[in-house]
Amino acid sequence: MNIQATMSRRGNRSRFARAVRQNPVAAIGLPFIALFLLATMVPGLFSSADPTLVSLSERLKPPSSEHWFGTDHLGMDVFGRVVHGARATLVSVLVVLALAVSIGSIIGAVAGYFGGWVDEVLMRVTDVMLAFPFLVLAIAINAALGRGLWQTMFAVGLSWWPSYARLVRGQILATKNNEFVIASTALGAKQQRTLIRHVVPNSFDPVLVRITLDIGLVALTTAGLSFLGLGVEPPTPEWGRMVAEGRDYLLSHWWITTFPGLALFAVVVGFNLVGIIVRDWLDPSGINR
Amino acid sequence: MILYSLRRLLTALPVLFGVTLVTFIIANMLPGDPAREIAGRYATAEQIEAVRERYGFDRPLIVQYGVYLGRLVTGDLGLSFSTQRPVITELLNYMPATLELTIFAMILTIVIGVPLGVMTGSMKVPWLNSTILFLALTGVGLPVFWAGLVFQYIFAGQLGWLPLEGRLGWQLVPPPSITKMYTIDALLAGQWSTFIDAARHLILPGITLAIGRIASVARITHAAMVDVMRLDYVRTARAKGVPNRIVVFGHALRNAMLPTLTTIGLQVGFLLGGTILIEIIFSWGGIGTYAWVGIFMLDMPVIMGVTLATTLAFMLVNLLTDLLYGMFDPRISYS
Amino acid sequence: MKTVAHVLIALIVMGYTQIVGAQPSQSQTLVIGLGGAPPTFDPLLAGSNSEVNTPSINIYNTLYQVIPGTADVVPELATDYSVSDDGLVYTFQLRDDVLFHDGTKLGAEDVAYTFERMLALKTGTYRNFGNVARAEAVDENTVNVHLSAPFPGMIPALTRLYILNADLVRANERDGDWGQTWLQSNAAGSGPYQLTAFQPEQQYTLEAFADYWQGWEEGQAERAIFRVIREETTRRLALERGEVDWIRLGSADVFSEIQNSPGIVAETQSTFNQLYFAFNTRRAPLDDVRVRRALSLIYDYAGHVDVIRQGLADVARGPFAPGIPYFDENIAPSHTDFEEARRLMAEAGLSDGGLTLEMAYQGTAPEETAAMQIFQSAASQLGITIRPIAVEWSAKIELYTNPETAPHLGTIWMYPSYPDPDVFLYPLGHSSQVGQLNFAGYANERFDFLIQEGRSELDPVRRNELYTEAQAIWLDDVPYMNVVVGRTLSAQRDYVSGFLASPLHSVTVHIYPVRLDGKP
Chain A
14 MNIQATMSRR GNRSRFARAV RQNPVAAIGL PFIALFLLAT MVPGLFSSAD
64 PTLVSLSERL KPPSSEHWFG TDHLGMDVFG RVVHGARATL VSVLVVLALA
114 VSIGSIIGAV AGYFGGWVDE VLMRVTDVML AFPFLVLAIA INAALGRGLW
164 QTMFAVGLSW WPSYARLVRG QILATKNNEF VIASTALGAK QQRTLIRHVV
214 PNSFDPVLVR ITLDIGLVAL TTAGLSFLGL GVEPPTPEWG RMVAEGRDYL
264 LSHWWITTFP GLALFAVVVG FNLVGIIVRD WLDPSGINR
Chain B
28 MILYSLRRLL TALPVLFGVT LVTFIIANML PGDPAREIAG RYATAEQIEA
78 VRERYGFDRP LIVQYGVYLG RLVTGDLGLS FSTQRPVITE LLNYMPATLE
128 LTIFAMILTI VIGVPLGVMT GSMKVPWLNS TILFLALTGV GLPVFWAGLV
178 FQYIFAGQLG WLPLEGRLGW QLVPPPSITK MYTIDALLAG QWSTFIDAAR
228 HLILPGITLA IGRIASVARI THAAMVDVMR LDYVRTARAK GVPNRIVVFG
278 HALRNAMLPT LTTIGLQVGF LLGGTILIEI IFSWGGIGTY AWVGIFMLDM
328 PVIMGVTLAT TLAFMLVNLL TDLLYGMFDP RISYS
Chain C
338 MKTVAHVLIA LIVMGYTQIV GAQPSQSQTL VIGLGGAPPT FDPLLAGSNS
388 EVNTPSINIY NTLYQVIPGT ADVVPELATD YSVSDDGLVY TFQLRDDVLF
438 HDGTKLGAED VAYTFERMLA LKTGTYRNFG NVARAEAVDE NTVNVHLSAP
488 FPGMIPALTR LYILNADLVR ANERDGDWGQ TWLQSNAAGS GPYQLTAFQP
538 EQQYTLEAFA DYWQGWEEGQ AERAIFRVIR EETTRRLALE RGEVDWIRLG
588 SADVFSEIQN SPGIVAETQS TFNQLYFAFN TRRAPLDDVR VRRALSLIYD
638 YAGHVDVIRQ GLADVARGPF APGIPYFDEN IAPSHTDFEE ARRLMAEAGL
688 SDGGLTLEMA YQGTAPEETA AMQIFQSAAS QLGITIRPIA VEWSAKIELY
738 TNPETAPHLG TIWMYPSYPD PDVFLYPLGH SSQVGQLNFA GYANERFDFL
788 IQEGRSELDP VRRNELYTEA QAIWLDDVPY MNVVVGRTLS AQRDYVSGFL
838 ASPLHSVTVH IYPVRLDGKP
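Residue numbers (the working numbering), protein chains in the order written: chain A, 14 to 302; chain B, 28 to 362; chain C, 338 to 857.
Looking at chain A on its own, in the form it has when it is part of the complex (with noise of 0.2 Å):
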């Protein structure tokens, strides 16, 4: 199925320049993926404001060239808020996406080795969470747990996993049919060997095109999560918490819902842009889209 592509990885960068060449569009999300990846590895490149010191006299100020995105109700500085906030975001997509993606991996990677009744219970058990509300799932851990970004974090990826132990199960089974296997075992090849040879490698690029589609939703999902109370404490920063934080001030202090918001929005569309172009690098037939 996958053959060619696990046969031809070589050439990688010649592809990846290939991919963006082929989708220009695409290419506007990459400045906004670099600038929020350098905003969550050094804020203070950006912004040397405390972001949680409060500040009551400060507070409320319209975007000036002291605070470009103006200051919140207590007088911490926005610009400062909204950098630092990009960690949070980072961080939970990739909490939630590991979480996620290693739990789905193995039940789906069990469910579609041993197959029978093995498989029918790890699904039936997958349909039951895939068809349970993260939120109620938000709910409970914050208040079982006590609130917090981890355990919010924890919530969503414990939602998230379902739609990746389909996805390796699928590939497990397509590949355990797959010729080139058969072949392999009746030459006397042991199973195990098969199985961490050849099928598990080939489940690998489903899946990590499954997580560029993922990336933007996970974001917006824990970041409405933050904005509902569920997530992190104050004072950290926060995009999700800090638009509900701000949205009693929307109508003379715009900035303090605006700002977060877009940030939110940019980097969400610019992870979805950017999915574009690492699908092709990856996956230039387009098979497993």
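Everything labelled a hint here was simulated from the structure, so no lab data went into it.
We put the beta carbon where it would ideally sit given N, CA and C, even for glycine.
Be aware that a few hints might be false.
[What the hints assert, rightly or not] Covered stretches of chain A (in silico footprint by chain C; criterion: 3 or more residues with CB under 8 Å from a CB of chain C, positions within the stretch not fixed):
{"#": "1", "region": "72-86"}
{"#": "2", "region": "240-250"}
{"#": "3", "region": "282-291"}
With chain A held as given, fit chains B and C onto it using these hints.
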């Protein structure tokens, strides 16, 4: 086909069972003593104990789960802690509002998204692909909660084109309730001005909810059409001079529908999630608002009831999509 | 295609004009924007839920009620009362010209039933009447209420006991529920307005009761629509666009801005509602009074009042506000003193801080969130980290059921329903209330004694002695930080007048005194 449907239905049962189990476990993870909630804030210790015994909160969890299941079968979802009303009654009261919003958003999604994707996918304009892609990815990336606040401010607050919040202006009396969806009920009762007012209130929240979904569906349909148009038999038909309209609607569309259908089904999940945010911002008074209040009051029966309701809805839609898929996909129909 | 478009446009235009010409009497309809919906219309719950108090005060009457805008209590349904010498039997004489909305007369039977019902259900307003044993109708217009212990706050506490139409409620009882289910969406009152429509989570409608015994004047609202708009920004926009006539405001910033909007008047009313930060005296290092006092000196009280509340609040002075009887005038407002705080911390051996303290607060309340963050920022200057715990009321109560594990700090507001020190000191400071509202886990024998005595002492001189000492102990022991006394904020269109909130019904919308003059 029938066998397929039956098999699909059967596999749904253990999933439903699993959902009730997870819901029950989660409800018991929530802090808050249900006996105290029911007894009231100022109840004495003996009163709380009495409530605990009466409601069976002191029995082992397995027994409680059994009782819970038994009640579920009869449709008894317990009483809300804060209002002491049966949760099932409240759910049925608030459900139509959310359904109205969701159905409207779905209609927008299908009516705008599908034709958009079909049209652009069947045309051979080179830059169109990129533009559609860009617009779609932008639409999908829009944070619903932020967009809601901003749209409300601009279109209602500043321009005054649309109502600010709620389902109906306060000057109007809701139409006689049949479906409890104001637009439909107003039409059925022939109350034209009420219908217009209700429809106007639906626009802003509906569009905000639908943007991301329209983008998704448009994109998938577009991609599917492009793929199908490239297929040999389509190109042959075109080369032979078959009019474009017949090519598109007669042949290409049917095959393009499969992935489109799946996507539409998936959108429901997103809609259900986005509803809570929209309902809060626009004071919509549906299940989202109900869930939101229940969440913060840690009203266990309400949270459990809403969970089951949304999960059931989600599963039903999935089932429907799968069945429809089965109808469209000849491979399945003939198996 | 064109014709279809034309027809559609014509229909839409017709629809618009129909809406505009819909209701002829719109000018006497008052539209209120509320921030929350009442979970029930059962007036018994008005004693513990201000969302329920709003409809109740308009639909029902009480034996005694405040003069709007004040804390002075005057007769309403009662004409007079007398008390037995031992203070255990109250006899009320009732008016005989009061009609319920269904046309029947209100009598002693209804009053007795209302008391009976409260004693049976033990919820809501019951918290103020723990001393009531029973009530009986002596004749058509006389009621006797028997107490188990003298209760100095009896008369003012009656301002939240709304009298029900006994026959009507009894007729709608189901399975011995005392009519609770029926009263969720129905009313059985004698007050100026009747409940005529109710869409949960959206709005409810009250219409004037023509035969109301207090009569009607020019300019009063014939109809009042209470619309639920949870988003404050939306509520504000609705007011500015004239879609609603009156809104409750939570944010002092919005209050300051909205004052300048044309056609809008912003109003503020003082209350006795006080915000405290509770110190969990059972957890180290807060078991050391020096640490508690130090922490009480680092908070920016002035900043809270001047900035967060834009001057629309007062720094608290002791456990309850001036205006409550037996308030000790010598008590100064809470103040900030970092030097003294550092000295105390050093004395307690914590000069570098190095601690983490948990603080529970209401995450959905902007004022509490801001207060927590201010405290957090101040505490960091002492080397103390505050770990915030955002919880709503039910979860907070749950956290405090076990004082050994409850958070180190917690915010708590007290909303008195009658002006008496006991309403503050007992729930917050009596040892029997630990695990309930006594978030500080405070147990002081002398304090307990003083409070216990004061509860059933009728002699004002003696009460004054008891409460003066109690306030002194409170200030010495610092079980709580006394933060601010709040004010309610609201805004209305300029054609509305007469909104007077009483400190005893502070977050309540009382519309009988309101006048509409020139609503377009």
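Verification of the supplied hints:
For a cut-off of 8 Å, the count of residues in the region 72-86 of chain A with a CB near a CB of chain C stands at 3, and the three-residue condition holds. Counting residues of the region 240-250 of chain A whose beta carbon lies closer than 8 Å to any beta carbon of chain C gives 4, which meets the minimum of three for the stated coverage. With 0 residues carrying a beta carbon less than 8 Å from a beta carbon of chain C, the region 282-291 of chain A misses the three-residue requirement, and the given coverage is violated.
In summary, the structure is inconsistent with hint 3 from the numbered list given earlier, while agreeing with all the others.
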